[in-house]
Structures are given as structure tokens and as C-alpha cells.
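Student: So the protein sequences, as listed, match chains P and F. Position 64, counted from 1, in the first sequence is what our numbering calls 74; the numbers after and before it change by one each time, with no gaps. Position 56, counted from 1, in the second sequence is what our numbering calls 71; the numbers after and before it change by one each time, with no gaps.
Please note that the accuracy of each hint is not assured.
Said to hold, decoys possible - List time: in silico DSS-like cross-link candidates among lysine-lysine, alpha-carbon distance up to 27 Å:
{"id": "1", "chain 1": "F", "residue 1": "Lys112", "chain 2": "P", "residue 2": "Lys117"}
{"id": "2", "chain 1": "P", "residue 1": "Lys52", "chain 2": "F", "residue 2": "Lys86"}
{"id": "3", "chain 1": "F", "residue 1": "Lys80", "chain 2": "P", "residue 2": "Lys117"}
{"id": "4", "chain 1": "P", "residue 1": "Lys81", "chain 2": "F", "residue 2": "Lys32"}
{"id": "5", "chain 1": "P", "residue 1": "Lys117", "chain 2": "P", "residue 2": "Lys81"}
{"id": "6", "chain 1": "P", "residue 1": "Lys66", "chain 2": "F", "residue 2": "Lys112"}
{"id": "7", "chain 1": "P", "residue 1": "Lys117", "chain 2": "P", "residue 2": "Lys52"}
{"id": "8", "chain 1": "F", "residue 1": "Lys72", "chain 2": "F", "residue 2": "Lys32"}
{"id": "9", "chain 1": "F", "residue 1": "Lys72", "chain 2": "P", "residue 2": "Lys117"}
{"id": "10", "chain 1": "F", "residue 1": "Lys86", "chain 2": "F", "residue 2": "Lys33"}
{"id": "11", "chain 1": "P", "residue 1": "Lys66", "chain 2": "P", "residue 2": "Lys81"}
{"id": "12", "chain 1": "F", "residue 1": "Lys80", "chain 2": "P", "residue 2": "Lys52"}
{"id": "13", "chain 1": "F", "residue 1": "Lys112", "chain 2": "P", "residue 2": "Lys81"}
{"id": "14", "chain 1": "F", "residue 1": "Lys72", "chain 2": "F", "residue 2": "Lys84"}
{"id": "15", "chain 1": "F", "residue 1": "Lys112", "chain 2": "F", "residue 2": "Lys33"}
{"id": "16", "chain 1": "F", "residue 1": "Lys80", "chain 2": "F", "residue 2": "Lys112"}
{"id": "17", "chain 1": "F", "residue 1": "Lys72", "chain 2": "F", "residue 2": "Lys86"}
{"id": "18", "chain 1": "F", "residue 1": "Lys72", "chain 2": "F", "residue 2": "Lys33"}
{"id": "19", "chain 1": "F", "residue 1": "Lys32", "chain 2": "F", "residue 2": "Lys84"}
{"id": "20", "chain 1": "F", "residue 1": "Lys112", "chain 2": "P", "residue 2": "Lys78"}
{"id": "21", "chain 1": "F", "residue 1": "Lys72", "chain 2": "P", "residue 2": "Lys52"}
{"id": "22", "chain 1": "P", "residue 1": "Lys52", "chain 2": "F", "residue 2": "Lys112"}
In case anyone wonders, no lab produced these hints; they're calculated from the structure.
This is what each chain is made of:
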Amino acid sequence: GESVGLHLPTLSVQEGDNSIINCAYSNSASDYFIWYKQESGKGPQFIIDIRSNMDKRQGQRVTVLLNKTVKHLSLQIAATQPGDSAVYFCAETWGSGGGADGLTFGKGTHLIIQP
Amino acid sequence: EAQVTQNPRYLITVTGKKLTVTCSQNMNHEYMSWYRQDPGLGLRQIYYSMNVEVTDKGDVPEGYKVSRKEKRNFPLILESPSPNQTSLYFCASSLFKPWTEQFFGPGTRLTVL
Numbered sequence: 011g012e013s014v015g016l017h018l019p020t021l022s023v024q025e026g027d028n029s030i031i032n033c034a035y036s037n038s039a040s041d042y043f044i045w046y047k048q049e050s051g052k053g054p055q056f057i058i059d060i061r062s063n064m065d066k067r068q069g070q071r072v073t074v075l076l077n078k079t080v081k082h083l084s085l086q087i088a089a090t091q092p093g094d095s096a097v098y099f100c101a102e103t104w105g106s107g108g109g110a111d112g113l114t115f116g117k118g119t120h121l122i123i124q125p
Numbered sequence: 016e017a018q019v020t021q022n023p024r025y026l027i028t029v030t031g032k033k034l035t036v037t038c039s040q041n042m043n044h045e046y047m048s049w050y051r052q053d054p055g056l057g058l059r060q061i062y063y064s065m066n067v068e069v070t071d072k073g074d075v076p077e078g079y080k081v082s083r084k085e086k087r088n089f090p091l092i093l094e095s096p097s098p099n100q101t102s103l104y105f106c107a108s109s110l111f112k113p114w115t116e117q118f119f120g121p122g123t124r125l126t127v128l
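Isolated chain P (complex conformation) (with noise of 0.2 Å):
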């Protein structure tokens, strides 16, 4: 798979505030894209996906945005809350002759919250 690469290796927000992490892929061909949430001492937890067709999809609290022009992917957490404190990780989907069984990961961003 190709790298899936963050813009900023940390980010702090305001307890309350929105947050915006961003992402950028190299791989056009990719299906999907999911972010991960990864809190100290565990392993990673699904947040939300998104597939190549859609430019926008909710959660609880949380949207996915999906550029497909500029290959660009950002997950908006809203009223971040201290518990939102983590490494967050995009991932986009590859594989060859049609599938989309791999998966790869870019390198995180830390979401620091301040009080």
C-alpha cells in the first residue's frame, strides 16, 4: 500500500472547542478510509469510515470529510471533551485486481486537550 501521511504530529485544542485533524493520502485508487482512536496503553478503536463515493459522513460528535480532488481526509471532533485526548490515526484500504483487503495506516496525531 501507499503511505498515508498526517499534517501535524500534535495538536491542543481548548476543552469545548471543535477539533480538526487532517490527513493526506497518496493512494487514488483507495475505497475506504476509517480513523482510529488510540488511547495511552490500548490498542486502537474504530471511530468512523468513509467510503471513496462520499464526501461527508457523521458520527456521534464526529465527521469525516473526504477531498478526493486534493486527496485530502480530516476528522472534526465537536465539543472535544477530555476524554477525546489521544493519537488519532487515518487508514485507507488497498489491495490489487479489484480488492481492498489491506489496510494502511498513516503516523498519528496526538489530541492534547487543555483545560
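Got chain P sorted already, so can you dock chain F onto it with the hints?
Tutor: Okay, now just chain F, sitting in the frame of chain P:
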């Protein structure tokens, strides 16, 4: 309780001594996968399995083997571990494909001396 379990959680070994890290899930998931996580490199997929007896290479398969003889188990085998395989390893499973919700195990911290 639905979960992915890994054993051992911590392991210190020496170069060349074969080891196996077990992974088991109780959710009847078809897709299982192994990842390694290293500082500055994020998570990288080692191998994945679409179903029993179906496995394929991820981004960093060199030095690893896997098998999928039963749906619930997906062991990771290091035939001859080397220090560059020192890492934090995660097993994960999902119902079908990797874009459906993947459940991750607690991780195995491996040190190869």
C-alpha cells in the same frame, strides 16, 4: 464478552529463538490481521486473513509467518526473531473487510535481544 485476546502480553527473547504470539477472537469474524507499531512509524500491517486458509501479505511481512487453520485463531510466528522485530504488536479482527469496524487486541510488547 466480545473480544480479541493476545498472548503473551509481554515477551523478551533472544535473536534466533522461534516464537509464536497467539491471537483469538470470539466474534466469529472472518477478517483478522496483525500489525506492528513503532514510534514515528505508526501502525503497519504485517499479514491479514480473509477467512480460514486464506492469508495475504500486508505492508511489512518479511520475517513473519501466519496461519489460519480455524476461524477464531490467527497466530503470528517469528521463525528467527531479530532485534529489528522489537515492537508492539496488535492483532485485530472484523466481520468481513478491513473497513468494517476492526476490534483490536490489547497488544504484545516484544523485545528481541
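Student: With reference to the structure, classify each hint as holding or not holding.
Tutor: We went through each hint and held it up to the structure:
1. Between Lys112 of chain F and Lys117 of chain P, the direct Cα distance comes to roughly 22 Å. Compliance with the 27 Å bound is thereby established for this hinted pair.
2. Distance hint between Lys52 of chain P and Lys86 of chain F is fulfilled; the C-alpha atoms sit about 24 Å from each other, no more than 27 Å.
3. Distance restraint check for Lys80 of chain F and Lys117 of chain P: the Cα-Cα separation of roughly 24 Å lies within the 27 Å cut-off, and the hinted pair is therefore satisfied.
4. A threshold of 27 Å between alpha carbons decides the hint, and for Lys81 of chain P with Lys32 of chain F the separation of about 43 Å lies outside it, so the pair is violated.
5. Between Lys117 of chain P and Lys81 of chain P, the direct Cα distance comes to roughly 16 Å. Compliance with the 27 Å bound is thereby established for this hinted pair.
6. A distance of roughly 21 Å separates the Cα atoms of Lys66 of chain P and Lys112 of chain F; the hinted pair therefore holds under the 27 Å criterion.
7. Our distance criterion of 27 Å between C-alpha atoms is met by Lys117 of chain P and Lys52 of chain P, whose separation comes to about 16 Å.
8. With a C-alpha separation of about 23 Å, the suggested pairing of Lys72 of chain F with Lys32 of chain F holds against the 27 Å cut-off.
9. Note on Lys72 of chain F and Lys117 of chain P: the hinted pairing holds, with a Cα-Cα distance of about 20 Å set against a maximum of 27 Å.
10. Simply put, Lys86 of chain F and Lys33 of chain F have alpha-carbon atoms about 24 Å apart, close enough for the 27 Å limit, and the pair holds.
11. Annotation: proposed proximity of Lys66 of chain P to Lys81 of chain P holds, straight-line Cα distance about 14 Å (limit 27 Å).
12. With a C-alpha separation of about 24 Å, the suggested pair Lys80 of chain F and Lys52 of chain P falls inside the 27 Å cut-off, and the hint holds.
13. Annotation: proposed proximity of Lys112 of chain F to Lys81 of chain P holds, straight-line Cα distance about 22 Å (limit 27 Å).
14. The suggested pairing of Lys72 of chain F with Lys84 of chain F holds, with an alpha-carbon distance near 17 Å, which does not exceed 27 Å.
15. For a cut-off of 27 Å, the pair hint linking Lys112 of chain F to Lys33 of chain F is broken: about 30 Å separates their Cα positions.
16. Between Lys80 of chain F and Lys112 of chain F, the direct Cα distance comes to roughly 21 Å. Compliance with the 27 Å bound is thereby established for this hinted pair.
17. Only pairs whose Cα atoms come within 27 Å are accepted, and Lys72 of chain F paired with Lys86 of chain F is accepted, the gap being roughly 18 Å.
18. Distance restraint check for Lys72 of chain F and Lys33 of chain F: the Cα-Cα separation of roughly 20 Å lies within the 27 Å cut-off, and the hinted pair is therefore satisfied.
19. Under the criterion of a C-alpha separation no larger than 27 Å, the hint pairing Lys32 of chain F with Lys84 of chain F is consistent with the structure, at around 23 Å.
20. Proposed proximity of Lys112 of chain F and Lys78 of chain P is supported: the alpha carbons are some 22 Å apart, at most 27 Å.
21. Between the alpha carbons of Lys72 of chain F and Lys52 of chain P the distance comes to roughly 25 Å, so the proposed pair stays at or under 27 Å and holds.
22. The straight-line distance between the Cα atoms of Lys52 of chain P and Lys112 of chain F is roughly 22 Å, inside the 27 Å bound, and the hint therefore holds.
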